[in-house]
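> Mind assembling these two chains? They're in different frames, but the hints should get you there.
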Amino acid sequence: MGFLHRNRQLTPYLLLAPGLLWLGVFFVVPLGFLAYQSLQSGNFDIGYSFSWAWGNYWTALRDYHGEFIRSLEYAGIATLLALFLSYPVAYWIAFRGGRWKNLLLLFIVAPFFVTYLIRTLAWETILSDHGFVVRTLQQLHLLGAGGRLLATATAVVMGITYNFLPFMALPLYVSLEQIDQRLLEAAQDLYASRWKAFVRVTLPLSLPGIVGGTLLTFIPAAGDFINAQLLGAPQNHMIGNVIQSKFLELTDYPAAASMSFILMAAILVAVAAYARAVGTEQLTGTPV
Amino acid sequence: MATWPKRDLLAAAWRFVRHHVLTLYSFLFFAYLLLPIAIVVAFSFNHPTGNFNYTWQGFTWDNWKYWDGVPGIRSAVVLSLEIALLASLVATILGTLIALALVRYGFRGRGATNILIFLPLSTPEIVLGASLLTLFLNLNVVFGFWTILIAHVMFCISFAVVTVKARLIGFDRHLEEAAMDLGANEWATFRKVTLPLIAPAILAALLLCFAISIDDFVVTYFNSGSLTTFPLFVWGAARVGAPPQVNVIGTAIFAVAVIGMLVNVLVQMRRQRVAAAA
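Top line first, the protein sequences correspond to chains H and B.
Residue numbering for the first sequence follows the working numbering, beginning at 1 and increasing consecutively.
Residue numbering for the second sequence follows the working numbering, beginning at 1001 and increasing consecutively.
Bound-form chain B, shown alone (with noise of 0.2 angstroms):
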């Protein structure tokens, strides 16, 4: 009869487990995910003895207080962010324009537009890189800060797009109409009313592009010449063994995002329990 209890808790443990099997499997998943970037984040605070950051040596500030302390780290950051930051701006110009003229007009063309657009984004990043050293090779085009910034933009647009469409198909258009009846002319309606509304999904674009443009290393690799930006920096470091600073830079970019979405987040959790409300 004493193991009757034991049966119980058996039973119970066992439908605790069925019943929340998914939900230890995704603490599970996120763990995995997680790992990877826990490692990066801890061995940014590595003191190494050699040449190689893979053992873990012991607790330093050093690599954050020195994160320049590597020739070329901090000119390779400095021209990541000058391309991520024009790129994403003339990408996302570029695509919010595409966005209104395929959502707002009906125009011969648009089918091939969508397909123009949608390309990109279906190509492997190596013919992307490697079509557009060929049109620099045979145009005799000196690969360099340009060369990159015109491929960072190219293979932005496309997300903008995107991006900028989901929100504009969404959009009430009587708010525009309502601006027109009371006078506003089309341009004054779109600064006044168009713009303010899609602003978000502009600025989600932005961050976008900024996001992909700092990331990218293939497209980078086959257009960028004799310069490095950070994707480079790393490549070329991994080769000989990436020092910590390179773990520096990556938490600190990782920080950055995180931070921004977590706010983002929480700034729409906070409006949705405000809708609840009313």
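Extracted from the complex, chain H is given alone in its bound form (with noise of 0.2 angstroms):
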């Protein structure tokens, strides 16, 4: 300690460099290693070799462009409905909880508590083909006699956005928490109606947390895979499936890494192009 008290501006690198020294090796040098290997050309039983081959990326981007785009596709919409889903519940658990509200956050958070895999698989047999949903919808005539849920794109969006949920439902919940009640109150007494106060008030100030939420959901679901092969069928693929099987069962490296690249620039880009949408000073206003 003695040491320290003579060098107190070394304090902060000390207690910085275990941890950060673990995040470099393990995070930001394997970051490296995948471009590297994203470059190389050859094959799994020849070995492979570094040659600034760029044509991985456009081979990847010729033959999956359909995974590409379904990945973002299926996470948009499963970020919109799990949005939609759960913004009227942290408005109510805000504003309305009392006492309750941490007993309320602990049902948002339930599903978490559930090993995801295990979760995933109970989706499989809600909407199994003899489950009472499927017979529900088909006595409705909502779908045909031999209609299925599973193995379809429904399916895979309802598993991504149930199993996303929490990440939503929780910055939306800490942002409307903190908006301050005699806000609305104002607005109210200058004749706002409840939906004019809501629009003009509750709503922009819930931004960050709209903002926080969309992000937690989307990037996690657009390298998802696990529902497309769990809930869907070989057409509903995401690039998450393709990226996996060319890793661990086809051992084509360079074509998973470079796909592992342009996931990444396509989160990036769709990530970039929202800040745009909703303005800039929201993402990097939230701290993280």
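Careful, some of the hints might be misleading.
Unchecked claim - Computed spacing ranges between beta-carbons, pair by pair:
(1) Leu268(H) to Val1141(B): 28 to 36 angstroms
(2) Ile77(H) to Val1141(B): 33 to 41 angstroms
(3) Gln138(H) to Gly1111(B): 17 to 25 angstroms
(4) Leu103(H) to Asp1181(B): 21 to 29 angstroms
(5) Phe95(H) to Val1274(B): 46 to 54 angstroms
(6) Val1141(B) to Ala233(H): 49 to 57 angstroms
(7) Leu1009(B) to Gln181(H): 27 to 35 angstroms
(8) Val1078(B) to Asp45(H): 31 to 39 angstroms
To be verified - Chain H regions said to be covered by chain B (calculated; three or more residues, Cβ under 8 angstroms):
(9) 21 to 29
(10) 32 to 46
(11) 49 to 55
(12) 63 to 76
(13) 91 to 98
(14) 143 to 157
(15) 260 to 267
Claimed, not checked - Negatives, chain H to chain B, calculated, CB over 10 angstroms:
(16) Leu16
(17) Ser86
(18) Leu103
(19) Leu137
(20) Ala186
(21) Asp189
(22) Ala192
(23) Leu205
Note that these hints are calculated values from the structure, not bench results.
Note that CB positions come from ideal geometry on N, CA and C, so glycine has one too.
Structure (structure tokens):
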């Protein structure tokens, strides 16, 4: 401790060193290796060698643009669904929850306590061909006699929506909870209708939560492959499924690595476009 | 004239619905959130006749009695617990140190550090897993216990930092200054004042990391070699039909987590009541 006392400006660096070293070696350096691998050519048997093979990227886009677009599409729809489904509930807990707020939040995060794969398998049970959901829909003629839910895009999007809902609901709740109720009273004193007060006061003030929740939902959803694997058919496969099988089954590392980078780039572009639309100060303003 | 009361009733019902539409919707939403959980719990008591645990066949305690009756499930659960315990411990220590540095000290590179903490949280898991895989492949590292542990600590650190940081920001520094004024040195102040005050946040970080680690599938799938954690076991079992024992373990994990959270919530509510009364 005497040493620290004499070198106070060193203390923060000593505190940071172990953790940042870990992140550097096992997060940043691996990204470098991934980039390196993505520009290699060859095959698994003769080995891969670095050759600035940018062609890997073009091949990936040519052969799998369908999966890339589908990933963004499913993730986008699921994110919107999660937003519209959970906003009213986050609002209700924040404004009407009273002393039960924490208990009600427990309901929101409850799905997280069941292993991800197991809760997705539960959806497989719920949506299965002889389950009550399919039978009810068939009786209501919303679904044809041989109609299915499992192995469809609907099932995959439903699974993604459910699995990432708490990521949306929690930031929404946090931003709504911080709103000063007196602002709403002021709006109503100034003859704003309840709806107008919501649109002009509550909604803009909850924007940081909407932005945070959207990103926290969209990013993992775009890279997901579990829902497409367990609830979808091969034609519903997302880019995560392709990356996973190229890496672990086909051992085509350069192709898989280049696809991982395209996925990251696609997400960055989507997030940047979104940031432009809602205003960048909302993005950088969220303290994480 | 006889229709008047009926119309009143209708109007009253409509008013009730209008007033409570948000509440009704919220309860429906909770039902939607809890439905799959109810299925998981219920099917842990199912008595399936074939390979598939999809349709309800009958009630039995057997799956709970013989929870490790399926080959491989016991070792998978044990491995998951070991990894989660070690990873949450290491990640929480590293994360707490980073949080202390970020909140307590002004230093060059603070912005970059914040970005480095934030990046793993905003990278898709599949990219985290894939990049670590290429590192280990290129360095000819043997996949197994250590590669899984390294991966879990990596993605847990950021969560630990964020959790502890939140508590440190709302921390009253005067308490530490008071301790120093009374002659305590820096280390004694940290041990006797700072640590007890941020202990709840450290515990929360520990539990959060444990929960994330024990649930992780994607990153582990890329870096486990031939070892099987519990989520990997579920993945393998799902291809041929998951046995009800999977639901038993899932229910057990859920029950432990919910009871822990409930105790925490109730303690908080009690504290609020006491504070309100005082």
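> Could you work out which of the previously given hints the structure breaks and list their numbers from low to high?
Failing hints, ascending: 3, 4, 5, 6, 11, 12, 14, 16, 17 and 18.
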